[in-house]
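Sequence lines, in order, name chains Z and V.
Under the numbering used here, the first sequence has 190 at position 190, and the numbering climbs by one with no breaks.
The numbering used here runs 1000 ahead of the 1-based position in the second sequence.
It is worth saying that the hints were derived from the structure and are not from the lab.
Predicted model only: the values in this text are computed from it and were never measured.
Just so you know, even glycine gets a beta-carbon here, dropped at the ideal spot from N, CA and C.
Careful: at least some of the hints might be erroneous.
Said to hold, decoys possible - Restraint ranges, calculated between C-beta atoms of paired labels, are given here:
1) Z:D45 to V:E1255: 39 to 47 Å
2) Z:G161 to V:R1170: 30 to 38 Å
3) V:G1028 to Z:E313: 21 to 29 Å
4) V:N1304 to Z:E256: 25 to 33 Å
5) V:R1022 to Z:E313: 37 to 45 Å
6) Z:T220 to V:E1410: 56 to 64 Å
7) Z:G181 to V:E1313: 28 to 36 Å
8) V:E1038 to Z:G315: 31 to 39 Å
9) Z:E313 to V:R1052: 31 to 39 Å
10) V:D1298 to Z:R321: 36 to 44 Å
11) V:R1022 to Z:E19: 53 to 61 Å
Unchecked claim - Stretch by stretch, here's where chain Z covers chain V in the computed footprint (C-beta under 8 Å, at least three residues):
12) 1128–1140
13) 1194–1204
14) 1245–1256
15) 1332–1346
16) 1352–1365
Number of protein chains: 2
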Amino acid sequence: MRHENIRINRERLLRRLEEMGRIGALEGGGNSRLAFTEEDREARDLLVGWMRGAGLDVRIDRFGNITGTRAGLEDGPPVMTGSHIDTVATGGKYDGVLGVLAGLEALETMNDAGIETKRPVAVTSFSNEEGVRFQPDMMGSLVYQGGLPLDEAYAIVDRDGCSIGESLERIGYIGDAPVGGNAVHAFIELHIEQGPILEDEGSTIGAVEGVQGISWTEYTFAGRSAHAGTTPMARRHDAGYVAAAVAAYVRRLAEEVGRGQVTTVGVFEVEPNLVNVVPERARITADIRNFDNGLLKDAEDKLNAFVTRTADEEGVAVERRTLARFDPTSFAPALVEKIGNAAERLGYSTRRIASGAGHDAQIMARICPTAMIFVPSVGGISHNIEEYTSDEDCEAGANVMLHALLDLAE
Amino acid sequence: MRHENIRINRERLLRRLEEMGRIGALEGGGNSRLAFTEEDREARDLLVGWMRGAGLDVRIDRFGNITGTRAGLEDGPPVMTGSHIDTVATGGKYDGVLGVLAGLEALETMNDAGIETKRPVAVTSFSNEEGVRFQPDMMGSLVYQGGLPLDEAYAIVDRDGCSIGESLERIGYIGDAPVGGNAVHAFIELHIEQGPILEDEGSTIGAVEGVQGISWTEYTFAGRSAHAGTTPMARRHDAGYVAAAVAAYVRRLAEEVGRGQVTTVGVFEVEPNLVNVVPERARITADIRNFDNGLLKDAEDKLNAFVTRTADEEGVAVERRTLARFDPTSFAPALVEKIGNAAERLGYSTRRIASGAGHDAQIMARICPTAMIFVPSVGGISHNIEEYTSDEDCEAGANVMLHALLDLAE
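So that you can see chain Z by itself, here it is in the shape it has in the complex (with noise of 0.2 Å):
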């Protein structure tokens, strides 16, 4: 084996993972970088001056999509790593960031060591992964993979009727390259784990075999406002209550199919909001998640049943959008082991694992072979403020990225 030896530079990743939480930073830890928003600008900004100041060759493509590549001794389809810089509204500093640096980070450090590999070598920050104003969510590795053409991603418009289009011309961010469609040899993610099984397990390092299924539906409930102390209860059509009793039957929903079905009702709105009448609209949604699709297709059938029989009972109409719904994900079986590998020879406690959030690597795993790397969450947190991943965790993970691209671009 070659580059036996070589480790990333503690610090400059450490440093750089500082530097970018702190943009958007809430008080109390955490970070709120909404995709194409300014502080989104702001940490692309940052990422592509550090990205040409390691002289790769940086390119933006029509979505927003960053792209850094280190040329190969050959001129083929490069080895690919990559995730997102975007977080949710009250999110931690390394969900997306720790993968796209520790990704820049092991280029740099194959520049240190005057590295040549055979075939280029590249790490992505995608637009919009996380899904909060504009969904679906992993909507830029979507639109590169071509799951979503760009004018219709373009078209999407938040609750406030502002499109993507808009957002990403308002903050300069529609670059001129074309939007995927060039092969790629193999793609990495690294990410953290965002759940409690690593550390449990007391493991380093997850060779992540696959990715959940996940569907995620909008329901938006119209019955009647009615004043609260004069309507008998057999005369109301309370959306208000549909929405109640749906939201409560989500959560039985994963005891009835099991199996690591997790289930959340995220959203809960009603209107007019006030204590003495009746609700006369609500709006919820329910994030239903299965490793096997079948067991999925059961739980998304039986809510719909319920939501039909609740609403009709009460007589409130229901409307029904999809936001988003992938299938479960099987990542590349020799990948998968070459990251086991890496992180053994590394002499870091590894363990097969698959991942209960959505990322980037499910998309790209439509056009070619990919895996990813999973580090602990300490107490499973993500999404929150307080998530945390320790330092060694973080350096760990980036040295079997770094070996992983060195294995997949030699």
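Dock chain V against chain Z, hints included.
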């Protein structure tokens, strides 16, 4: 019986209802005229102008309650009527307004007919009956009656931290008159039923025997935000789930308690309110009402036990705040009978009825003999822009009030 053939001026009453309904008018009908807003100020100015035009002695007290008095032959405690002109955010144009304008109309009718009454007769518009921005509801009458000290009322703040004192000063309605403190001979309030009973049973006039007890509680749940895909169900502290389970239970509670129990969750908010984040905080309100105070207390106890158990099981903290609590009220039987008799003499179909909604009259009942007159609400709809009471029924209610006032004032 003197003045047997006297009737109110229907056109004048309807014209004023129409004119008042233009202040804070909503598209599609109805009104938004929240207490202590600019719309409220405009409505108060209009009312004060009409009262002065009718030659009444107009006094505005230090809580903004507006009273117009027509002198009697003697100088004793007045016979009083009144209601409110504030509305909920999506209210109708009859709730409250009808009672105030019909009271004014009754006094003008006495003027037009040159009637002299033994006692003074007064009409009052009480501040903030609806309790939308500032709780509790029925606040103006409560301060008038002495159940809430003026200084405490001034200090009550809305969700933006704005106080009633500031708001009342801003609209220029902190008057010179002391609040309450004078004896009142009797109080009669005309109001729309806001429920379906009179319409269903083909009665024009309800002689109201009493008012339901009302209990408003706000629950704020504090859990922990977490990633919707990676956080195992057993490790969640989902504030939104607890709120939804409680809201669904509030509905079941009405069935469990039965016997006229009504229950409503009107407010439902979660934070951060994102598809893929387990909610960290949730806020809901429970509005529960019963004519029997023992049953109402049972319902409160059951709900509190359910809240404690559900929050504990989920590892979520709960904070409770009582927004309003009024015992059931029984009106003065002699007055209820006078109202029924007046309706019969005038040829209107009438029945005894109980009020599901809270009214200023229930507060006034603490200091003087009190009763209410109800007229039908089409479809039982209220607190809704579709709220409607026919012109004939408005006229009928005002005529019954006129005769009840004359009966009491002689």
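Index of numbered hints that the structure contradicts, given in increasing order: The structure conflicts with hints 1, 7, 9 and 15, although it agrees with all the remaining ones.
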